[in-house]
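Participant: Residues per chain, in single letters:
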Amino acid sequence: MLGGLAASAVSAPSFPALAKLFTVGRRAAESFTLTNGLQVVVLPARRAPIVTQMMVYKVGSADESFGRTGVAHFLEHMMLKGTERVASGEFSRIVSRNGGRDNAYTTFDSTGYYQIVAPDRLDLVMRMEADRMTGLRITERELISERQVVLEERRSRIDNVPAALLDEAAREQLFGRHKPYAMPVIGYVDDIKKLNITELTTFYRRFYTPGNAVLIVAGDTTPEIVRKLAEKHYGPIPNRKVEARRRPAQGGTDLPQRVSRADARVVEPRWSCDWLAPSYRVGETKYAYALQVLARLFGGSETSRLWRALVTDSKIALSASAGYSPASLGLSSFGVGVHPTPQRTVREIETAVNLEMKKLIDGGVTANEVERAQNQLLAAAIYAQDSLASGPRLYGAVLSTGGTMADIDAWPERIAAVTPAEVAAAAQSVWRDSGAVISLLTPAEGSR
Amino acid sequence: MTPGLRRGAAMVLAAVLAWLPAAGAGAIEIKEVTTPLGIKAWLVEDKSAPVVALSFSFAGGTASDPAGQSGVTDLMATLLTDGAGTLDAQAFRRRQEDAAASLGFGASLDRLSGTLRVISANRDEGFELLRLALTQPRFDPDMVEQRRAQAIARLNQADQRPQAVAGRTLMTTLFAGHPYAADPEGTREDLKMLSPALLKRRAAALLERSGLIVSAVGDIGEAELARRLDRAFGGLGVGTVQPLPQEWKPPTKPRTIVVERPVPQSTVLMALPGIARDDPDWYAAVIMNHVLGGRGQQSRLFHEVREKRGLAYGVSSGLRTYKRAALLVISTASANERVAEAIRIVRTELAHLRTDGVTEQELADAKTYLSGALALSLDSSGSVAGLMHSLQIDGLSPDHLVRREALIAAVKLDSVRRVARRLLRDEAMTTVVVGKPVGVISEPKE
Chain R
1 MLGGLAASAV
11 SAPSFPALAK
21 LFTVGRRAAE
31 SFTLTNGLQV
41 VVLPARRAPI
51 VTQMMVYKVG
61 SADESFGRTG
71 VAHFLEHMML
81 KGTERVASGE
91 FSRIVSRNGG
101 RDNAYTTFDS
111 TGYYQIVAPD
121 RLDLVMRMEA
131 DRMTGLRITE
141 RELISERQVV
151 LEERRSRIDN
161 VPAALLDEAA
171 REQLFGRHKP
181 YAMPVIGYVD
191 DIKKLNITEL
201 TTFYRRFYTP
211 GNAVLIVAGD
221 TTPEIVRKLA
231 EKHYGPIPNR
241 KVEARRRPAQ
251 GGTDLPQRVS
261 RADARVVEPR
271 WSCDWLAPSY
281 RVGETKYAYA
291 LQVLARLFGG
301 SETSRLWRAL
311 VTDSKIALSA
321 SAGYSPASLG
331 LSSFGVGVHP
341 TPQRTVREIE
351 TAVNLEMKKL
361 IDGGVTANEV
371 ERAQNQLLAA
381 AIYAQDSLAS
391 GPRLYGAVLS
401 TGGTMADIDA
411 WPERIAAVTP
421 AEVAAAAQSV
431 WRDSGAVISL
441 LTPAEGSR
Chain W
1 MTPGLRRGAA
11 MVLAAVLAWL
21 PAAGAGAIEI
31 KEVTTPLGIK
41 AWLVEDKSAP
51 VVALSFSFAG
61 GTASDPAGQS
71 GVTDLMATLL
81 TDGAGTLDAQ
91 AFRRRQEDAA
101 ASLGFGASLD
111 RLSGTLRVIS
121 ANRDEGFELL
131 RLALTQPRFD
141 PDMVEQRRAQ
151 AIARLNQADQ
161 RPQAVAGRTL
171 MTTLFAGHPY
181 AADPEGTRED
191 LKMLSPALLK
201 RRAAALLERS
211 GLIVSAVGDI
221 GEAELARRLD
231 RAFGGLGVGT
241 VQPLPQEWKP
251 PTKPRTIVVE
261 RPVPQSTVLM
271 ALPGIARDDP
281 DWYAAVIMNH
291 VLGGRGQQSR
301 LFHEVREKRG
311 LAYGVSSGLR
321 TYKRAALLVI
331 STASANERVA
341 EAIRIVRTEL
351 AHLRTDGVTE
361 QELADAKTYL
371 SGALALSLDS
381 SGSVAGLMHS
391 LQIDGLSPDH
401 LVRREALIAA
411 VKLDSVRRVA
421 RRLLRDEAMT
431 TVVVGKPVGV
441 ISEPKE
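Chains R and W are the protein sequences, given in the same order. Mind the numbering: the first sequence is residues 1 to 448 in my numbering, read in order. Mind the numbering: the second sequence is residues 1 to 446 in my numbering, read in order.
These aren't lab readings, by the way, just hints derived from the structure by calculation. Values in this document were obtained by computation on a predicted structure and should not be read as measured data. One or more of the hints may lead you astray.
[Unchecked claim] Cut-off 20 angstroms, straight-line C-alpha distance, at most; resulting in silico cross-link-like pairs (EDC-like, lysine to aspartate or glutamate):
no.	chain 1	residue 1	chain 2	residue 2
1	W	K308	R	D123
2	R	K193	R	E168
3	W	K47	W	D279
4	W	K367	R	E356
5	W	K40	W	D399
6	W	K308	R	D120
7	W	K436	R	D263
8	W	K308	R	E140
9	W	K367	R	E146
10	R	K228	R	E348
11	W	K412	W	D279
12	W	K31	W	E222
13	W	K249	W	D426
14	R	K228	R	D123
15	R	K232	R	E168
16	W	K308	W	E337
17	R	K286	R	E146
18	R	K193	W	E405
19	W	K323	W	D142
20	W	K436	R	E168
21	W	K192	R	E268
22	R	K315	R	D263
23	R	K359	R	E348
24	W	K40	W	D426
25	R	K194	R	E243
26	W	K367	W	E337
27	R	K286	R	D407
28	R	K315	W	D426
29	W	K40	W	D159
30	R	K315	W	D142
31	W	K192	W	D230
32	R	K315	W	E145
33	W	K192	W	E222
34	R	K315	W	D88
35	R	K315	R	E284
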């Protein structure tokens, strides 16, 4: 399966877009928009005396072009440098000095910045976040040293990790070489090496503006307090128009493809298959909910079809799973990943997976399976509500990819409304050879 | 035994509708509960989410794996949730899924621990599954085979992951001759020898009430918790407290170990003998560590290694405590060609901190951060339960969260300087580098 979308410290939400479960209770989630276009979402929760502020910009690595990759992520790093008012590197120090923490992340479609602080420091972090929305200053010296940091990050995440290198190759086939989702979020080494200040500031000026952002505040606060502070700090920032973002409606053209990587660093082989799949926005979007149910019942847990067939019964695999995430501005992918038992061949794995897919398409799925999967998805939503960290991430992922508050509210009903027939139809629609890339990770010849 | 599915959905949704946020919860209020059977637990009653979370542990961990059975505690812990009573692994897992309950066990060097998380409407079922896992685990041969094969595959993978290799090498070097040196996940040879009978025997030896520690958080009251704990844990024997491993003698000579791996970036761990949790200078050491390489982006190491020189993406330091040992560990990773420079800068910073201590400003900043930071981690029922549980393991009292602030505030510049001099000794440093580092060699030679 292809790895998560995020390149930075935190990975993209593993739950599908959740749920109005966040809004049940005395204080519902509230959303309002400032006159400059900044959308503000408040998720009150009184568990602990802390507040999370998250600013999500509707721009990610997929808004770059081939030969100039890595800009969105590099800019995320540079946002921790200085402005006119805050000296370089001081942002995090000020947050820390005030008993808080901060971090940031970049995905294909969005870039997020967040701080967790005591409620009486919300004013402070809003002032600083507003300040760096327009006031970022990047110096040549900082750029040069940060370039090394980004290259080290790439080594840690990708170049030292054979599976991640295979992922890059699989994406190029699945989404089509040089296309937005085919290029790694962190960027290619050659591009990172030549990135300059002009490119960064152009990207910054083009996309970092109130109308192209969503502010999410969760925790021990109220919509009234947040509105007052947001108007004070973000309200005065004039909006600039940002052209609509585009994503290709098609994926790779020469599918199916196989990519493989034989690597001396690999001891345990992996087989996986990814198919182009609709998201909430692009492709056969009517299947976006059924595919979440499909992923769950086909390979979402140790009681799923794939696990039972390959691990429990035939014992040809040590693990087997399926995954799908619909919150994407362009096409998404549906993935199946298998870790074979020693001595088992790839051909055996492939035959077994194909057989399970065929069984599902020919025989359909039972009402019982579907309902169990639905319950599991809803339960995950309740646990997400129990965590102050997941709420902002989920809202950020949906709202930055064209989703609305109403979509989030309707998620439980839409999941609950999925029928067995829709699950089978979704499987049939997505599991096509003409949308598939099979990836194989193996030890280097003669290394074992 | 699968509940009717419509009923299942209704059950989950009813739980959501019942959720109401607590009225202005501030600092968490810990109650001590003693059950009729004498089980002592800490409880934070919290109705802000329809969830009950339990964190508990038993005395004795992987460090006391019997000879020739390394990995037995870890494998046993995994298998506790792979079938119990009349339920095989699949049936047991389905029951968990249908109740939206998640039950898991794991082992550290010193303890066998578990967590339960369940939607409060389904807590009957959650606690029943816990009781079954504790008192009637099955260790079915096919599940033992499956988990063993997965464990061996994990060892194979860990062998190829620079960070895992570095961590393992550090422990075997520092603790040579001590039980803490053994791989908690076992060796391939020992894992192959483990039978269902041996696993069962290990479970019986560790799952005893005498060293049991429990923390609970969520939508549950004192009386109900006591009743449920007695039912879940009551079937276990009282037993005797497990003996601790022998004392550890920290290394007194510097050592560098290079493990060659074909990767572009070298992973580095640098370890020094640390400080015990009950040492009077503990909070001085916590503050020193925060200034040196603590979490976040404000530390000296972050500034010198990453910000100023771009030598690494991540660089941090941390205090680790075990029952019989304590460490201060610095970790980073840098391109093979530049890793020697990164190590040199870390050493320089350690020497600087040892000689000059921290500044007034750094001390004040660390105090504000550390006072506030604890609250930042209280973001879910499970994390609150986990925090309480770690306080219990450290032998602290429930009012610790209140006293902690005063203990931090009382730390003086002098005590940080004292603890820096005591801990940051180059001559006691063990360095492990995994990769193809340029300009770093193993010293002394093997």
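Participant: None of the hints should be skipped; say for each whether it holds.
Facilitator: Hint check:
no. : hint              : in the structure
1   : K308(W) x D123(R) : violated, 30 angstroms
2   : K193(R) x E168(R) : holds, 18 angstroms
3   : K47(W) x D279(W)  : violated, 37 angstroms
4   : K367(W) x E356(R) : violated, 58 angstroms
5   : K40(W) x D399(W)  : holds, 16 angstroms
6   : K308(W) x D120(R) : violated, 32 angstroms
7   : K436(W) x D263(R) : holds, 16 angstroms
8   : K308(W) x E140(R) : holds, 13 angstroms
9   : K367(W) x E146(R) : violated, 29 angstroms
10  : K228(R) x E348(R) : violated, 62 angstroms
11  : K412(W) x D279(W) : holds, 16 angstroms
12  : K31(W) x E222(W)  : holds, 8 angstroms
13  : K249(W) x D426(W) : holds, 17 angstroms
14  : K228(R) x D123(R) : holds, 10 angstroms
15  : K232(R) x E168(R) : violated, 43 angstroms
16  : K308(W) x E337(W) : holds, 18 angstroms
17  : K286(R) x E146(R) : violated, 43 angstroms
18  : K193(R) x E405(W) : violated, 46 angstroms
19  : K323(W) x D142(W) : violated, 35 angstroms
20  : K436(W) x E168(R) : violated, 24 angstroms
21  : K192(W) x E268(R) : holds, 18 angstroms
22  : K315(R) x D263(R) : violated, 25 angstroms
23  : K359(R) x E348(R) : holds, 16 angstroms
24  : K40(W) x D426(W)  : violated, 43 angstroms
25  : K194(R) x E243(R) : violated, 26 angstroms
26  : K367(W) x E337(W) : violated, 37 angstroms
27  : K286(R) x D407(R) : holds, 13 angstroms
28  : K315(R) x D426(W) : violated, 51 angstroms
29  : K40(W) x D159(W)  : violated, 41 angstroms
30  : K315(R) x D142(W) : holds, 10 angstroms
31  : K192(W) x D230(W) : violated, 36 angstroms
32  : K315(R) x E145(W) : holds, 10 angstroms
33  : K192(W) x E222(W) : violated, 45 angstroms
34  : K315(R) x D88(W)  : holds, 16 angstroms
35  : K315(R) x E284(R) : violated, 35 angstroms
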